[in-house]
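*Asks:* What follows is the residue order along each chain.
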Amino acid sequence: MKINQKGQKKERSKNLYYGFSFLGIVIVLYLVLSFFNPEKIYRSLYTSLDIIIQILPILVLVIFLIGITNYFLKPKTVSKYLGVESGVKGWFLAIIMGILSHGPIYVWYPLLKDLRDHGMRSGLIAVFLYNRAIKIPLLPVMVFYFGIGFVIILSIYMIIASVIEGKIIEII
Amino acid sequence: MANKKIVMTNKESIVASFYKALKSFGVSLPALLGVILLLGVFKTYVSPQLISSVFTGELFRDTLLGSVIGSVSAGNPITSYIIGGELLKEGVGLFAVTAFIAAWVTVGVIQLPAEASILGKRFALTRNVLSFIFAILVAIATVVTLRVIT
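Which chain is which? The protein sequence lines are A and B, in order.
Residue numbering for the first sequence follows this note's numbering, beginning at 1 and increasing consecutively.
Residue numbering for the second sequence follows this note's numbering, beginning at 1001 and increasing consecutively.
FYI, nobody ran anything at the bench for these hints, they're computed from the structure.
Because the structure is a prediction, the values reported are computed rather than measured.
Hints may be right or wrong, so weigh each one.
Calculated pairs, DSSO-like style, for lysine-lysine (alpha carbon to alpha carbon, straight line, at most 27 Å) [stated by the list, open to error]:
(1) B:Lys-1020 to A:Lys-167
(2) A:Lys-74 to A:Lys-89
(3) B:Lys-1020 to A:Lys-10
(4) B:Lys-1043 to A:Lys-9
(5) A:Lys-167 to A:Lys-74
(6) B:Lys-1089 to A:Lys-14
(7) A:Lys-76 to A:Lys-89
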């Protein structure tokens, strides 16, 4: 248990180190670009703020879901439904979860990491992330631009591709 | 008494669960903030006109290009449909546009640092490379099937 906690702590500080390094590089990029065109950088900051306001409800939802996962889902339950022994049901569950999840892809990374720590298979994480391409509320817009036949065929191939990708990720 | 004890333990663990949730989310926060700031720059500097100006009309090159541009672009999928629709109107092939739409959501070069720092470098790289290849394959399969059916 202690070793596990120590490992998690080490991983956390490694994640924080990477996160801060990346954030630092982006800040340097902002500083450099602001020398060339301060007005555009001001607009970029404004756009970023706009994105934060838009994704705030989803961020709260994700934190809530992580909390609920910690409380209700014990590693045994997660590995039963999304772990190695989950079988075909696990693949279906990951596909449905991916299709139903909302908001930008990156807000889901922390929850997926948490689920993986609880026993979720990497292949199923890939399946979840791939199926985020199929968004039911957005399908009418896609039909408007490309037609119903195109949307149905594309969605079917996307689901097939997600499963193949998940399998390959687990093999390599 | 025993019941009370159970309730107390549950209450404590609910607080602990959410504290843990906040903590694990907090660890991801710098990477997420980096991605959001990068998206701000992307949206300001890269316009849909700039994206459509890159295509040449050559089938294979455009399909590959569609996947590349979809990979480095990011944002709401609706934006990709709108740009894709405009590209079609301008005469860009359906292979290229489909690869572009597929890669837009499934490959995230801008999000890659965050994905790598939260889910692991190896996983993020493998997933994005595979999704890039699949965007092209899905585009070919979709357009060929559509043409066979209609």
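*Asks:* Between the alpha carbons of Lys-167 (chain A) and Lys-74 (chain A), is the straight-line distance 27 Å or under?
*Replies:* Roughly 25 Å between the alpha carbons, so the hint for Lys-167 (chain A) and Lys-74 (chain A) holds.
*Asks:* Going straight from one Cα to the other, do Lys-1043 (chain B) and Lys-9 (chain A) come out at no more than 27 Å?
*Replies:* Between Lys-1043 (chain B) and Lys-9 (chain A) the Cα gap is close to 36 Å, so the pair fails against 27 Å, i.e. violated.
*Asks:* Is the straight-line distance between the alpha-carbon of Lys-1089 (chain B) and that of Lys-14 (chain A) 27 Å or less?
*Replies:* Violated, at about 47 Å.
*Asks:* What's the verdict on Lys-1020 (chain B) and Lys-10 (chain A), does the C-alpha distance respect the 27 Å limit or exceed it?
*Replies:* This hinted pair holds, its Cα atoms lying about 16 Å apart.
*Asks:* Next pair to validate is Lys-74 (chain A) with Lys-89 (chain A); report whether the Cα-Cα distance is within 27 Å.
*Replies:* Answer holds: Lys-74 (chain A) to Lys-89 (chain A) is near 18 Å, not above 27 Å.
*Asks:* Take a quick look at whether Lys-1020 (chain B) and Lys-167 (chain A) sit within 27 Å of each other, Cα to Cα.
*Replies:* Given that 27 Å is the threshold and the Cα spacing comes to 31 Å, the pair is violated.
*Asks:* Regarding the pair Lys-76 (chain A) and Lys-89 (chain A), is the alpha-carbon distance no greater than 27 Å?
*Replies:* Satisfied, since the Cα-Cα distance of roughly 16 Å is no more than 27 Å.
Hint compliance for this structure: hints 1, 4, 6 are not met, and every other hint is.
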